[in-house]
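Each chain is listed here by its residues.
Protein chains: 2
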Amino acid sequence: MGSMSLLRLPPGPVDLTTIPTDATPDFDGDKADGKEALAELGDELSDLQERLFAEGRSGSHRRLLLVLQGMDTSGKGGVLRHTVGLIDPQGVRIHSFKAPTEEEKQHHFLWRVKRKLPEAGYVGVFDRSHYEDVLIVRVHDWVDPRTVESRYEQINEFEKELAADGTVVLKCMLHISPDTQKERLLARLDDPTKYWKFNPGDIDERGHWGDYRAAYETMLERTNTEIAPWHVVPADRKWYRNLAVGRLLRDALRGMNPQWPTADFDIDAEKQRLADEVPPA
Amino acid sequence: MGSMSLLRLPPGPVDLTTIPTDATPDFDGDKADGKEALAELGDELSDLQERLFAEGRSGSHRRLLLVLQGMDTSGKGGVLRHTVGLIDPQGVRIHSFKAPTEEEKQHHFLWRVKRKLPEAGYVGVFDRSHYEDVLIVRVHDWVDPRTVESRYEQINEFEKELAADGTVVLKCMLHISPDTQKERLLARLDDPTKYWKFNPGDIDERGHWGDYRAAYETMLERTNTEIAPWHVVPADRKWYRNLAVGRLLRDALRGMNPQWPTADFDIDAEKQRLADEVPPA
Chain Z
47 MGSMSLLRLP PGPVDLTTIP TDATPDFDGD KADGKEALAE LGDELSDLQE
97 RLFAEGRSGS HRRLLLVLQG MDTSGKGGVL RHTVGLIDPQ GVRIHSFKAP
147 TEEEKQHHFL WRVKRKLPEA GYVGVFDRSH YEDVLIVRVH DWVDPRTVES
197 RYEQINEFEK ELAADGTVVL KCMLHISPDT QKERLLARLD DPTKYWKFNP
247 GDIDERGHWG DYRAAYETML ERTNTEIAPW HVVPADRKWY RNLAVGRLLR
297 DALRGMNPQW PTADFDIDAE KQRLADEVPP A
Chain G
47 MGSMSLLRLP PGPVDLTTIP TDATPDFDGD KADGKEALAE LGDELSDLQE
97 RLFAEGRSGS HRRLLLVLQG MDTSGKGGVL RHTVGLIDPQ GVRIHSFKAP
147 TEEEKQHHFL WRVKRKLPEA GYVGVFDRSH YEDVLIVRVH DWVDPRTVES
197 RYEQINEFEK ELAADGTVVL KCMLHISPDT QKERLLARLD DPTKYWKFNP
247 GDIDERGHWG DYRAAYETML ERTNTEIAPW HVVPADRKWY RNLAVGRLLR
297 DALRGMNPQW PTADFDIDAE KQRLADEVPP A
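These protein sequence lines are chains Z and G, in that order.
In terms of our numbering, the first sequence opens at residue 47 and continues consecutively.
In terms of our numbering, the second sequence opens at residue 47 and continues consecutively.
Certain hints may be false.
Where chains are identical, the list cannot tell them apart; a pair therefore holds if satisfied intra-copy or between any two copies.
[Said to hold, decoys possible] In silico EDC-like pairs for lysine to aspartate or glutamate, Cα to Cα no more than 20 Å straight-line: (1) 317 with 248; (2) 284 with 229; (3) 228 with 322; (4) 151 with 86; (5) 284 with 267; (6) 243 with 316.
Simulated from the structure, these hints should not be mistaken for laboratory data.
Small disclaimer: the values here were computed from a predicted structure and weren't measured.
Sequences are here, hints too, so could you generate the full structure?
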């Protein structure tokens, strides 16, 4: 059960063209092996998540926040379904960030994000996140460059506060090639059960691929902190993407090492009460 | 793949002592068969849920709300984990209602419930619900009988409005015997990984078993409407409980018959745009 240390982005400048989108770092097997390895993660993920949840019910502040970023069709939804779906849904809180509402626009860009943070003991998942506020807004010049510049630091500061408050932040960028995106968009146009996922605007956004890459590269470099590092997950192969995020999640939970809470009551006395009771009817 | 029509509570007075807690209505197999049948539900549940979700993204108001009620240890959590856990977590919104907060207490009893209703396209799940406001409050006389009396009608009116707004309300009471509860409480006291689930107050509540049964019986009779009927699920056998709720969920989604939305764009024109584009780099 290898860990996924190769996916952790090293410090320094980032050139996404040098990071393969179809590789399978830290994993030797093929697709069938990968699916099996993902299924095998289920028990350990469930155990770790339940321990974290139990801790949260017993006064611990700890929680985990998985942040998923990536271009359209990079597979954020697939990770939610196949990887996050392995965990007991009682302990998971997913939030998908869309274009900000009028109300959200009137607030600081972190306002809506802070309202959706997971509670103690939970695994929170952000499908897109505060990182959109240094990506799409930069590509389309919706915000002046100085403001974007200031946001990298604000994000780092925010994530530092989260960490200080017991939140482990696991950041994954799902990395696909433009060819893979094209295939997936065509697949949506070829399958009536996928029409609803298609938006003509997605093709317009493809026209800005180079700008998005540049925005991602700067963002990755500037927010790749020791306390909340980025992981770049090759995502052309769906099975590898799902497995890699699953193992990163497992590694993060292992690192937290959550423990079953001890009893805050007298176990023998409670057993005796049950033994002595008048049987309910 | 039989439906679970026997679980639907017939109209009229309810005597829970006449409904077996360890039976397996509408199912012939044993535990292994039941677990297999539950796993087999996964694909159909996923397909139906995704259709509902797709509809919701395309303007439909429809949604489903699963309401789970039952005594402590009746297995609400187990249903969430094993049955609701079969569905893509992106399309599910679970809310566990605890003792009301000070803020919640200052509002109408339905206030907190209305704030947690699922959005269009979602499967919402209430782990406990507005029904606590005619159960525990009645058992402990926290609310005068006349108020409790008025709440049955308010609940029926509320659920009628939900239905009119496109929400299918699926109500399940998980029905266990006091002996099964005793076994499960003892199991929590015997297993350090389960201490966190144990609360000494649970044993105190057992002392009110008869009062709870009476409160459930009245509640079931008074809120068992045509539009939002109750299902009483024998829950002494965990595997049957999980399967039964899964099939009820499947039946409810089948009844909604959600359809893939048609394309609101010109499919061929979009394909052409992808074919004609300058390849992104």
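Going through the hints against the structure:
no. : hint         : in the structure
1   : 317 with 248 : between (61 Å within a copy, 12 Å between copies)
2   : 284 with 229 : within (13 Å within a copy, 44 Å between copies)
3   : 228 with 322 : between (69 Å within a copy, 12 Å between copies)
4   : 151 with 86  : neither (43 Å within a copy, 45 Å between copies)
5   : 284 with 267 : neither (25 Å within a copy, 50 Å between copies)
6   : 243 with 316 : between (54 Å within a copy, 13 Å between copies)
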